[in-house]
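Please model the complete structure; the sequences and the hints are all you need to start from.
Going line by line, the protein sequences match chains A, B and C.
Residue 5 is where the first sequence starts when you use the working numbering, and the numbers rise one by one after that.
Residue 38 is where the second sequence starts when you use the working numbering, and the numbers rise one by one after that.
Residue 25 is where the third sequence starts when you use the working numbering, and the numbers rise one by one after that.
Careful, some of the hints might be misleading.
[Unchecked claim] DSSO-like, lysine-lysine: derived pairs with alpha carbons at most 27 angstroms apart:
{"#": "1", "chain 1": "B", "residue 1": "Lys-242", "chain 2": "C", "residue 2": "Lys-100"}
{"#": "2", "chain 1": "B", "residue 1": "Lys-242", "chain 2": "C", "residue 2": "Lys-210"}
{"#": "3", "chain 1": "C", "residue 1": "Lys-208", "chain 2": "C", "residue 2": "Lys-100"}
{"#": "4", "chain 1": "C", "residue 1": "Lys-100", "chain 2": "C", "residue 2": "Lys-137"}
{"#": "5", "chain 1": "B", "residue 1": "Lys-314", "chain 2": "A", "residue 2": "Lys-96"}
{"#": "6", "chain 1": "B", "residue 1": "Lys-92", "chain 2": "B", "residue 2": "Lys-143"}
{"#": "7", "chain 1": "C", "residue 1": "Lys-237", "chain 2": "C", "residue 2": "Lys-252"}
{"#": "8", "chain 1": "C", "residue 1": "Lys-145", "chain 2": "C", "residue 2": "Lys-252"}
{"#": "9", "chain 1": "C", "residue 1": "Lys-137", "chain 2": "B", "residue 2": "Lys-241"}
{"#": "10", "chain 1": "C", "residue 1": "Lys-100", "chain 2": "B", "residue 2": "Lys-241"}
{"#": "11", "chain 1": "C", "residue 1": "Lys-252", "chain 2": "C", "residue 2": "Lys-307"}
If you are wondering where the hints come from, they were derived from the structure by calculation, not from laboratory data.
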Amino acid sequence: MFLRRRGVLPGFGLSLGYTVFYLGFIVLLPLGALILKASSVGLVDLYRSATETRALSAYWLSLYTSLAGASLNAVFGLMLAWVLVRYEFPGKSIVDALVDLPFALPTAVAGIALTTVYAENGVLGSMLGRVGVRAAFTPLGIIIALTFVGIPFVVRTVQPVLEDLDDDVEEAAAILGATRFQTFARVIFPALLPSLLTGFALALARALGEYGSVVFISGNMPRRTEIAPVLIVTKLEQYDYTGATAIASVMLGASFLLLLLVNLLSRWARRAET
Amino acid sequence: MSGGVAGTFGRSTERRHRVREGRLLRGALIFGALSFLGIFLIAPLVTVFASAFAKGFGAYVTALSDPETVSAIELTLLAAGIAVPLNLVFGVAAAWLFAKYEFPGKNILLTLVDLPFSVSPVIAGLVFVLLFGAQGWLGPWLSAHDVRIIFAVPGIVLATIFVTFPMVAREVLAVMQSQGNDEEEAALTLGASGWQILFRVTLKKVRWGLLYGIILCNARAMGEFGAVSVVSGHIRGETNTMPLHVEILYNEYNFVAAFAVASLLAMLALVTLFIKKIAEWAAHARSDAAERAPLGEHSLSATVGSTPS
Amino acid sequence: MTVAVEDMTKRFGRSDGAAAVESASFSAREGEITTLLGPSGSGKSTLLRLIAGLEEPDSGRVLIAGKDVTRVSPGKRNVGFVFQSYALFRHLSVFENVAFGMRVRGRSEADVKARVEELLKLVQLSGTSARFPSQLSGGQRQRIALARALATDPAVLLLDEPFGALDARVRVELRQWLLEFQKKTKVTTVLVTHDQEEAFELSEHVVLLSEGKVVQTGTPHELYDRPKTPFVASFLGGANVLRGSVRFGMAEVGSMSVEAPAGTAEGASVHAFVRPHDIRLVKAEPEEDSVSVARVERLTRIGAQVKVSLELADGEPMTVQMSKVEVDSIGIEAGDRVLVDLREAKVFVEDYSI
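Shown next as structure tokens:
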């Protein structure tokens, strides 16, 4: 197969061959199995499994808790990025490094830790209890866990854009008489919006698929605190492969759409920067 | 995650902003941001260690020397020990491919590389079950040859590879792209072969991004829970990795033990972050020096004529 | 050794897009410096990279020492290439940078050491072998890049805008240095630049490119005095452009008359290119109202030269360059009226344009 390519450096054939081989084996083959299974089961059965009440509750729960978590991250992630880029304070390096913790920490560890903190006798759980709010084993707990896993996404997407922002534009606005808030609202925020949305979408995608940190804190009560990924595992434990495949297909469809959205957003963000 | 967390290797340094918001607002923002971090991130982190040592150092050590725990640690190390090197080779090959050439289908291939980031780990486990499980696609063939992948170690290794393979690739690719191809082309004109260019020039250039990619890949490989949970079958002492073992211990209300094992993983995560900071700092130091004003201009007033060769 | 390019074409992007290099041919002078000169986008860097093998041509041949090397990989062409950004290996010391070409060929340690020291002495940077590129100045890095390229005894040296990133003063010094250097080493050199002054100072063989095509080759003198197209005339030397038509065998441009090229059709439209220093001025009598009278708008004095900005009778601007002495002796000042005498003009018939 003759490929028209640009680049004189040697190694094209080898790197392409190995990459395609690896991807094929690790990614395409397993995914092919999923598609095969889905098609062998038949659309009707698949649809039925995918839309039973328990599944629908799971989708809905996954969706709104993920949106809540991603939104919290959008707001506070922006704040964090701002504070890290523009201000100095003691311990800033440590804070900056810690932002990546959800990336490096196993989800199971996060899961049990968050559960302990927010359980009724936990440090923060008891404080919430005093105002009559229960976190563990409720959707609120799920939202907390999903917020945790999404922290790095918004911060790390917005940080570089914020760093590259020119002083000049802000100074020009100030000279023209704009208050700091006006400058932020009219000049800075619009420039950050594309990357903010990208970070939000990434956090959302991550939250939708999250399992480890949620499975402990949620209690996994069907139709109440059972998210979609947990439901898939339950189905598998019951050897209901059809059911598992059905729900997985719905989730994959959603991920795919979200991925498309993220790509479009990144392209918009990159164009906005130039 | 398209875009990767890298790209910080080679960033510009701090800037002075003369137009600023008021002291009070600044303080409030810092407070808000740090409280957020405190509630969602620091509290759980501290809890891990607090709970692990709740019953004293002795209990901590006992928990960690339990044979099932040791076996879980061994399995985790094995899985990571296989996954990380494999993903490293792939990562370098893929980064080289995407950074140095243009070709049709490049975008599709890139999307495939990003796939594990956008797929739930549970689904990752599911697809392996569908492929290698008893009722899976290759199931019958495998049982006929008495090969067990699901509910056995190979399955765990495969799931781990799947979930972590983009990491090294993404980090290294980002660094390669920001550094450009000039040095490689120069090496080419000087007569270097492909391998020589790779080892003598490129790998040296990207070493900090590469290091971080490996460390991160390792942390994720050791900490993977969802995908491994699905394919392992949770057979104690046999197919339990550290994260799975943490789950079992926790569900048995053996909190100290659960957090003891968890603390090992948490320490690994902290070491990962620490190394990232160092790598960033080292990469900065190099690039800043290159941009700094040259050390003294030498005038070329010397006559060239009398130089012997 | 000789280097030649035959009928080279290279397109980037879609096959129907504009070509970066189109049917370009030239031959470099052995043992001398040949410059590829042109504005940005003219394809000169691409052409250089094609010679090195860093780009693959769509058609055409590259010949080094008479051999067709079009299909040969860059490493085997035995060329030395100096990038605009120098492309020094930032993680290797100066010594290792210069030694690179020999190391990948597996030369002995003793050979390597000897050659590197020799080259460092040649570029007058003997004491720097332990330093790293980030510790060198721009001019020093440039010379190390040169040393590195020469270490493998290349048949031809290719320099891509080597002085572009340097301060004006350093640029001038290095230019001089390169000239002397090349005279000693006698390596066939091809140098790319957009700076006309640089090209003229460094070589006797200039290849002028525009939009991917070779427009004219020759000595600086030939290009300057006998430009083949309006582009050449205007690129080299900032000429005044006058438009007009041919009447009775003379080109009437504005209010002036110049000889038209032999055989030009009556009434044909022409461009005339007049260099600022090919014009003579004489103070006009106050009552004189002939059509070649112009008004002096402004005098700009730059050292020993004066730039006189005129407004012609028909409203068009014109720039004249004269020496301070001349201006003072004629006694011209802003606001004066002067007579314009074109001593020499290049006339091109309209359909000559690119």
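Comparing the hints with the structure gives:
no., hint, verdict
1, Lys-242/B to Lys-100/C, "holds (24 angstroms)"
2, Lys-242/B to Lys-210/C, "violated (35 angstroms)"
3, Lys-208/C to Lys-100/C, "holds (25 angstroms)"
4, Lys-100/C to Lys-137/C, "holds (23 angstroms)"
5, Lys-314/B to Lys-96/A, "holds (12 angstroms)"
6, Lys-92/B to Lys-143/B, "violated (55 angstroms)"
7, Lys-237/C to Lys-252/C, "holds (14 angstroms)"
8, Lys-145/C to Lys-252/C, "violated (44 angstroms)"
9, Lys-137/C to Lys-241/B, "holds (23 angstroms)"
10, Lys-100/C to Lys-241/B, "holds (24 angstroms)"
11, Lys-252/C to Lys-307/C, "violated (34 angstroms)"
In this structure, the earlier hints numbered 2, 6, 8, 11 are contradicted, and the remaining ones agree with it.
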